[in-house]
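Based on the provided sequences and hints, a complete structural model is requested.
Okay, so the sequence shown: first residue is 1 according to the numbering used here, each after it adds one.
FYI, nobody ran anything at the bench for these hints, they're computed from the structure. Beta carbons: idealized from backbone N, C-alpha and C, even for Gly. Keep in mind that a hint or two might mislead.
[Claimed, not checked] Calculated lysine-lysine pairs in the DSS-like style (CA-CA distance at most 30 Å, straight line): (1) LYS21 to LYS303; (2) LYS28 to LYS43; (3) LYS21 to LYS133; (4) LYS21 to LYS55; (5) LYS171 to LYS55; (6) LYS28 to LYS303; (7) LYS149 to LYS133; (8) LYS116 to LYS309; (9) LYS223 to LYS179.
[To be verified] Each pair of labels, with its calculated beta carbon distance range: (10) SER188 to SER301: 38 to 44 Å; (11) GLU306 to SER60: 33 to 39 Å; (12) HIS316 to ILE283: 25 to 31 Å; (13) GLY42 to LYS21: 18 to 24 Å; (14) GLU8 to GLU58: 20 to 26 Å.
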Amino acid sequence: MECNDLYEPSNYDEIVELVQKANINNRKIHVIGTGLHHVKDGKFDICISTRRINKIIESSVADLYVTVQSGVLFEELQKYLTERGLFFPAVYNGTVGGLFSTNFPTPFSLWYPYPKDLLLGAKIVTGDGKVIKSGGKTTKFSSGYKIWKLLSGALGTLGIYVELNVKVLPKPERIVSVKVQDVNEILSENPVGILSVLDSSSISHYAIFMGFSSYIEKISKEKETIDGIIGTELECDRIFGIVTPRGLELEFLKRVNNGIAFYGGGYVKTCDEKALALREKGITVIIERGCKDNEDCFGYSYKSMEILKNSLDPNHVLT
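This is the structure:
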């Protein structure tokens with residue numbers, strides 16, 4: 001990725017000014033956080049980094065939410081929540097805005113397959129330089145269009161997240177990954193997620209449990225157990241995500257040479273280039289990392305998204 005000009009604004013007004021000037025001067029904007037989960041390769045007129053917009057604004061133990069600026073590192077947010085007996089069910093090493101802008105599945109796939117499932121609302125800078133609020137701070141908020149969720153997964157091409165209201169959970173005493181032989185049998189034990197890892201033609205299954213220590217000890221007794229969650233990041237330059245019917249993740253995992261299946265999440269990650277051939281069979285394959293110039297990153301398009309793009313970013317400044 002190359003940027004002709006890189007900006008690190010420290011407040012929302014500075015972002016608004018950059019976007020408005022880009023509209024006047026017909027320049028394209030690309031939004032980044034840490035850049036660790038960068039999807040698109042290429043050269044951009046302007047890159048806006050959110051890393052200096054990094055305040056945790058408020059949280060509520062009673063109402064189980066946190067309001068956070070998009071440039072906060074996810075690990076910092078998790079530490080902040082831990083000190084207050086709270087927890088967000090995801091594993092991620094970028095910014096909070098990056099987590100929701102990419103919206104890639106989490107290991108907690110049976111409970112919350114995608115980060116946006118826990119996004120309550122957001123403050124957004126649109127492509128024509130306006131600040132809008134969408135959503136609220138509770139799950140009961142339901143008026144209007146769910147713009148804050150529609151932006152999740154759009155990689156900043158519909159609008160720029162600057163502030164997010166996120167649902168959180170009470171922190172469990174322990175989280176473990178338990179190696180299992182049969183995915184279907186472990187379902188009766190109510191894991192919060194199941195990961196299946198394919199490496200060298202061998203598939204290993206790990207069920208994730210969280211809760212009180214006594215419960216975890218009972219579940220994991222006489223089983224191979226790892227504290228925390230096994231790694232879910234693939235080490236390759238190009239990562240492909242295969243969108244599958246829920247429950248058929250393993251079937252699609254077996255069509256590639258390596259990867260991770262998020263059971264119940266309808267998603268498989270792989271480094272295998274041949275995943276792209278599945279598009280010819282009508283299967284959605286997303287390029288999560290290493291999308292090249294003029295390459296179709298998403299493998300799908302919807303008329304509704306085109307209408308939304310024209311509404312939120314009429315001059316198509318955000319790219």
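Outcome of the hint check:
no.	hint	result
1	LYS21 to LYS303	holds (28 Å)
2	LYS28 to LYS43	holds (10 Å)
3	LYS21 to LYS133	holds (22 Å)
4	LYS21 to LYS55	holds (26 Å)
5	LYS171 to LYS55	holds (21 Å)
6	LYS28 to LYS303	holds (22 Å)
7	LYS149 to LYS133	holds (12 Å)
8	LYS116 to LYS309	holds (19 Å)
9	LYS223 to LYS179	holds (7 Å)
10	SER188 to SER301: 38 to 44 Å	holds (40 Å)
11	GLU306 to SER60: 33 to 39 Å	holds (38 Å)
12	HIS316 to ILE283: 25 to 31 Å	holds (28 Å)
13	GLY42 to LYS21: 18 to 24 Å	holds (21 Å)
14	GLU8 to GLU58: 20 to 26 Å	holds (24 Å)
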